[in-house]
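There are 2 protein chains.
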Amino acid sequence: MAPELGIMIADTQSVGLVQPRTFTFAQDTPFPLESGAELGPITLAYETYGRLNAERSNALLIQHALSGGGHAAGYHTPDDAVPGWWDTCIGPGKAFDTNRFFVICSNVIGSCYGSTGPSSIDPATGRSYGLRFPVVTISDMVRAQVQLIDHLNIERLLAVAGGSMGGMQALEWAAHHPQRLRAALPIASTARHSPMLIAFSEVGRQAIYADPAWNGGDYYDQEHKPDAGLAVARMVGHITYLSEQSMQQKFGRRLRGREKYGYEFQTEFEIENYLKYNGNKFTQRFDANSYLYVTKALDYFDLASQHGSLPAAFAAATAIKFLVVSFTSDWLYPSHHSKELVSALTGAGCDATYLDIESSWGHDAFLLEVDTMTDLIGGFLNRLAENEGVRCPDAS
Amino acid sequence: MAPELGIMIADTQSVGLVQPRTFTFAQDTPFPLESGAELGPITLAYETYGRLNAERSNALLIQHALSGGGHAAGYHTPDDAVPGWWDTCIGPGKAFDTNRFFVICSNVIGSCYGSTGPSSIDPATGRSYGLRFPVVTISDMVRAQVQLIDHLNIERLLAVAGGSMGGMQALEWAAHHPQRLRAALPIASTARHSPMLIAFSEVGRQAIYADPAWNGGDYYDQEHKPDAGLAVARMVGHITYLSEQSMQQKFGRRLRGREKYGYEFQTEFEIENYLKYNGNKFTQRFDANSYLYVTKALDYFDLASQHGSLPAAFAAATAIKFLVVSFTSDWLYPSHHSKELVSALTGAGCDATYLDIESSWGHDAFLLEVDTMTDLIGGFLNRLAENEGVRCPDAS
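Chain order of the listed sequences is A and B.
Going by my numbering, the letters in the first sequence line up with residues 390 to 785, in that order.
Going by my numbering, the letters in the second sequence line up with residues 390 to 785, in that order.
If we strip away everything but chain A, and leave its shape as in the complex, we get (with noise of 0.2 Å):
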């Protein structure tokens, strides 16, 4: 296997081995969060992809989604059997070139890879925050990456790009810290949380509740996990990231195993395997407690509200140019929400660039659609950096 994965990693597409890193701030002060609540200090974990020019203004902002972390590209280790969760869009040539770009990917607060979040330990107690844990916002989560930007030393980002919650942190960047981005990139995103969406979360949440294990949130000394609410709550979600079309092109009605009905409550068909395997093999990368403290930052986001109108929320932003993607399949996050926030860029006087995706792929499209989103988003960035004079990291 060593020398397969060799080959992977010699790869000339790939970042190859990459270091996690952390920025740990507010260990003096704590940091005021948005419902008021203070938190401190805080770890962001995060990895770079690329080189940093000499005039520090080649830098991208990758932002993940909902279960994701700041391993978007490369290799911890060689024995790695995958790479980050964007490899395939991170790295020489690929959507985000790291030959031209310097790329930064932060997980965010609330989260449970390697930043603080109610799985770390409360300095004032000693023990897992669990739901003493305050509760964080998009708005808090971005703020708390102002400051690793600013830790970096980087005075604007080139741009500020991620699908689904990424995407809502990419609109955030530009409502609320213009002057800090030339470009934002939301794909398969939103400027609001809709209701199907909070029902969504809310199920998940419920499926948590419902686990006895939970125990209220205090779980991290106990011998149980809440693995089986958990579970049910990330095959509620499986069942979003996908589209009618490509359950029935992945799975179809087959069998798992056998050739006829078995009448009985067994798993017989694969996509009930699907469900099952994605949903235990989740409980062993995620805690339950951050999967409930972002899905609560997700309901919480509404830019449109926070300004009384979408382009009101745009009125700052606008020598910052858009590039927003959605997916025609995508019904969780669907087109007509992207649509809606490219007419209120444009009445806000933003310059923004659509792209409806033909994709039958669903959600997960932002993840899959690989080529497509490399001729799009590459194209962009380096017209994008042409326009604005960033030299490659290698020339500087």
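Be aware that a few hints might be false.
For chains that are exact copies, the list does not tell them apart, and a pair is met inside one copy or across any two.
Unchecked claim - The list that follows gives simulated cross-link-like pairs (lysine-lysine, BS3-like), each with its CA atoms no further than 25 Å apart: (1) Lys728 to Lys639; (2) Lys665 to Lys649; (3) Lys665 to Lys639; (4) Lys639 to Lys670; (5) Lys614 to Lys665; (6) Lys639 to Lys649.
These are computed hints drawn from the structure, not numbers from a lab.
Chain A is already provided as a structure; the job is to place chain B on it using the hints.
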């Protein structure tokens, strides 16, 4: 409150007070199921509305959906707060006009509204069946109803109609008992449960399995039932019965009983309250094991694979008139399923009328688009009765 209810029942469009009935068969010889297992005795709970004409030719069989029962119209007592589940469509002058037709609605086997199901007492053990109840299919449900129709001494039903799972039963009647009906009305339904439908079924089942109180299906003698798991299953279901648009119309992002976000894990949004309320309410009226059995029956349903192709399934049904109805915003049983069905019916040489009704209510539209349904179904049944020379009970 009593006078208001009195007025409601005095409503000339209500069937008024109705009597639940039961029919028991397979006492001596057990009933063979599709799985190869046998079951007996079997009780079906049913109700009838209107009167049979002298020729016994004006009978309509109404089929219920996943969580419905035989109580489709009217009230059991003058104090009932709500009428039967399809009261808006069954009554004098309604879509299924009880002035003209004799309407029968029967609960399916496997359910928990008076018919034999997993909560029934197994005569072999004197205890509830639990998971020892055999898995049943749509074919089994319908073959049990054939026994009921025989018992009622009705040779040929004028029509079999139903929404969702009820529509599948209507199609099963047409495909496998074509001599016993003149028309079939599958509404918001499908001839084949898609992998997405199986996925939602399975998530509901997994939520029940995950509840420790489920106890492998043996909870009838215990203090606690798997209410938490069943509530989560129902919440998932409720999301799928609505549409993004109807959720926006009904709930939007409105908060419940507060003006600002609470930044805590309480019910904050109206949509959360709706799901939680309906999830909990469901546990008071439905049995978790029945939820497993009935969803399993849905998942097995696939007329095409049973016959090699969908047109082949209806080869013997060419004398039957079909009225196929779908709703534009129903993403659970999307219109293209009905279109595929109509294409197969036409290919098989059947007479099929199809309407894709413009509606924002999602799958629930078949319960809500009353005016359109009244015109459409009422007109279809009146023409059918006229063509077949079916007389009103008064005139017979």
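We went through each hint and held it up to the structure:
For a Cα distance limit of 25 Å, the shortest separation of Lys728 from Lys639 across copies, 22 Å, qualifies, whereas the shortest one inside one copy, 29 Å, does not. Only within a single protomer do Lys665 and Lys649 lie at most 25 Å apart by alpha-carbon distance; the minimum there is 20 Å, versus 38 Å between protomers. In this assembly of identical chains, Lys665 and Lys639 lie within 25 Å of each other by CA distance solely inside one copy; the values are 16 Å within and 33 Å between copies. Taking CA atoms no more than 25 Å apart as the test, Lys639 paired with Lys670 passes inside one copy only; the shortest distance there is 19 Å, against 36 Å between copies.
For the identical chains of this complex, Lys614 and Lys665 are neighbours both inside a copy (17 Å) and across copies (23 Å), given an alpha-carbon limit of 25 Å. Proximity of Lys639 and Lys649 under a CA criterion of 25 Å is satisfied intra-copy only: 19 Å inside one chain copy versus 43 Å between copies.
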